[in-house]
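Asks: Assembling the complex is the task here: the two chains are given apart, and the hints tell you how they should meet.
Residue numbers (my numbering), protein chains in the order written: chain F, 147 to 261; chain Y, 38 to 149.
Be a bit skeptical, because a hint or two may be false.
[Claimed, not checked] Here are the simulated BS3-like cross-link-like pairs (lysine-lysine), alpha carbons at most 30 Å apart as the crow flies:
{"id": "1", "chain 1": "F", "residue 1": "K253", "chain 2": "Y", "residue 2": "K115"}
{"id": "2", "chain 1": "Y", "residue 1": "K79", "chain 2": "F", "residue 2": "K214"}
{"id": "3", "chain 1": "F", "residue 1": "K253", "chain 2": "F", "residue 2": "K214"}
[Unchecked claim] Per label pair, the in silico range of CB-to-CB distance:
{"id": "4", "chain 1": "F", "residue 1": "R215", "chain 2": "Y", "residue 2": "R106", "range": "36 to 42 Å"}
{"id": "5", "chain 1": "F", "residue 1": "S149", "chain 2": "Y", "residue 2": "Q48", "range": "27 to 33 Å"}
{"id": "6", "chain 1": "Y", "residue 1": "M52", "chain 2": "F", "residue 2": "I155", "range": "26 to 32 Å"}
{"id": "7", "chain 1": "F", "residue 1": "L192", "chain 2": "Y", "residue 2": "Q48", "range": "22 to 28 Å"}
{"id": "8", "chain 1": "Y", "residue 1": "G109", "chain 2": "F", "residue 2": "L192", "range": "49 to 55 Å"}
{"id": "9", "chain 1": "F", "residue 1": "G174", "chain 2": "Y", "residue 2": "N88", "range": "38 to 44 Å"}
{"id": "10", "chain 1": "Y", "residue 1": "Q48", "chain 2": "F", "residue 2": "S172", "range": "33 to 39 Å"}
{"id": "11", "chain 1": "Y", "residue 1": "N111", "chain 2": "F", "residue 2": "D200", "range": "34 to 40 Å"}
{"id": "12", "chain 1": "F", "residue 1": "S218", "chain 2": "Y", "residue 2": "G109", "range": "24 to 30 Å"}
{"id": "13", "chain 1": "F", "residue 1": "T151", "chain 2": "Y", "residue 2": "S110", "range": "35 to 41 Å"}
Read the hints as simulated data drawn from the structure, not as lab findings. Even for Gly, the Cβ is constructed at its ideal location relative to N, Cα and C.
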Amino acid sequence: AQSVTQPDIHITVSEGASLELRCNYSYGATPYLFWYVQSPGQGLQLLLKYFSGDTLVQGIKGFEAEFKRSQSSFNLRKPSVHWSDAAEYFCAVGPAGAGSYQLTFGKGTKLSVIP
Amino acid sequence: EPEVTQTPSHQVTQMGQEVILRCVPISNHLYFYWYRQILGQKVEFLVSFYNNEISEKSEIFDDQFSVERPDGSNFTLKIRSTKLEDSAMYFCASTAGPTEAFFGQGTRLTVV
Numbered sequence: 147a148q149s150v151t152q153p154d155i156h157i158t159v160s161e162g163a164s165l166e167l168r169c170n171y172s173y174g175a176t177p178y179l180f181w182y183v184q185s186p187g188q189g190l191q192l193l194l195k196y197f198s199g200d201t202l203v204q205g206i207k208g209f210e211a212e213f214k215r216s217q218s219s220f221n222l223r224k225p226s227v228h229w230s231d232a233a234e235y236f237c238a239v240g241p242a243g244a245g246s247y248q249l250t251f252g253k254g255t256k257l258s259v260i261p
Numbered sequence: 038e039p040e041v042t043q044t045p046s047h048q049v050t051q052m053g054q055e056v057i058l059r060c061v062p063i064s065n066h067l068y069f070y071w072y073r074q075i076l077g078q079k080v081e082f083l084v085s086f087y088n089n090e091i092s093e094k095s096e097i098f099d100d101q102f103s104v105e106r107p108d109g110s111n112f113t114l115k116i117r118s119t120k121l122e123d124s125a126m127y128f129c130a131s132t133a134g135p136t137e138a139f140f141g142q143g144t145r146l147t148v149v
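Next up, chain Y with everything else stripped away, as it sits in the complex (with noise of 0.2 Å):
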């Protein structure tokens, strides 16, 4: 069965590092997301992305973080200079269209 991948898994940074996490979307996917989860509370969205563009984003998602699909496979997020608040675990998604929303396992990103 077609899965969404994530890398890496755990990411430790310090503060005011620059990161980049990855995700293959499934193949045949339009649409890709990247949704957030601080620890103990619920998954927000951040942003979505089709045809080489963002088409939503929430409020979260402020100059500090960047999204891009550089090949035909790869799509990340890109947080330019992490603050502790940004530890959280990211979760990629992909879907086709109007259909449920495929995840990947996450990357827990730990800012210390």
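Extracted from the complex, chain F is given alone in its bound form (with noise of 0.2 Å):
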């Protein structure tokens, strides 16, 4: 069964310090890979995907990430990270194959940003 590691469970960085989230699969094929976003009380909001092509996929609010499959990793980054980036992040996989779609998500990281 697929499954998803995120080793670390609360970060802190400094205000316009770099970031680097961790993210770990296990996984029979390729998979389609996603990180989200899920700040205090709201919804799960998709920050990027990997389907296939270019391991290096951009998302919204300036955020990267790079799929590397010796490694079975697919590592979130952010070069200069905004206050506002404080929420939690969540590293999902789902089949990239017919049929049901569904995620299986890590436990997650809580990002915190000090001003």
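Replies: Structure follows, in structure tokens:
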């Protein structure tokens, strides 16, 4: 069965600093990969996705992620964090085949930003 | 931009009562989902629905749960007899196919 590991439960960075959130997945084939962000009391907003092609994908709000097949990783990066980026970030994996497209989520990484 | 709409945003119910959570998926989407997030835990898949029937369900989705698409727009999750451990945020999502899922804002269910 597929699984997603986000090894960092909580990360604190200073505003303007760079950010990398880690995500490793276990899946039997090439999956679809996603990063979602959840602000307190809010729903899940898609930051970016990887389906195929270029392994470096750009998303909204200045985020990017790189798919590394050899490491089964899909780490999220941002060169300069803003205070409004404080939220919880979830990595998710979905099946890249026909049928139901349900997602398996990681446990999330909570990002705190110091002004 | 089209969005998934969920109602209510917060529901409080007594243990043993039935609740129905409602969702209006994006209109041209074909696959519908319910996920659950217990406070402080990860988002968990409950059930997927396609072509007017359940296509996948998780172990969480036992006989107490049911889903329905009663008309062309609504997608509902019913919990027949709520338990304390059903307290969670419930998210509805929809997809057009093998693409990203669009999530609603969630319904916070509190069972007392």
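Asks: When the structure is checked against the list of hints, which entries are broken? Sort them ascending.
Replies: 8, 9 and 12
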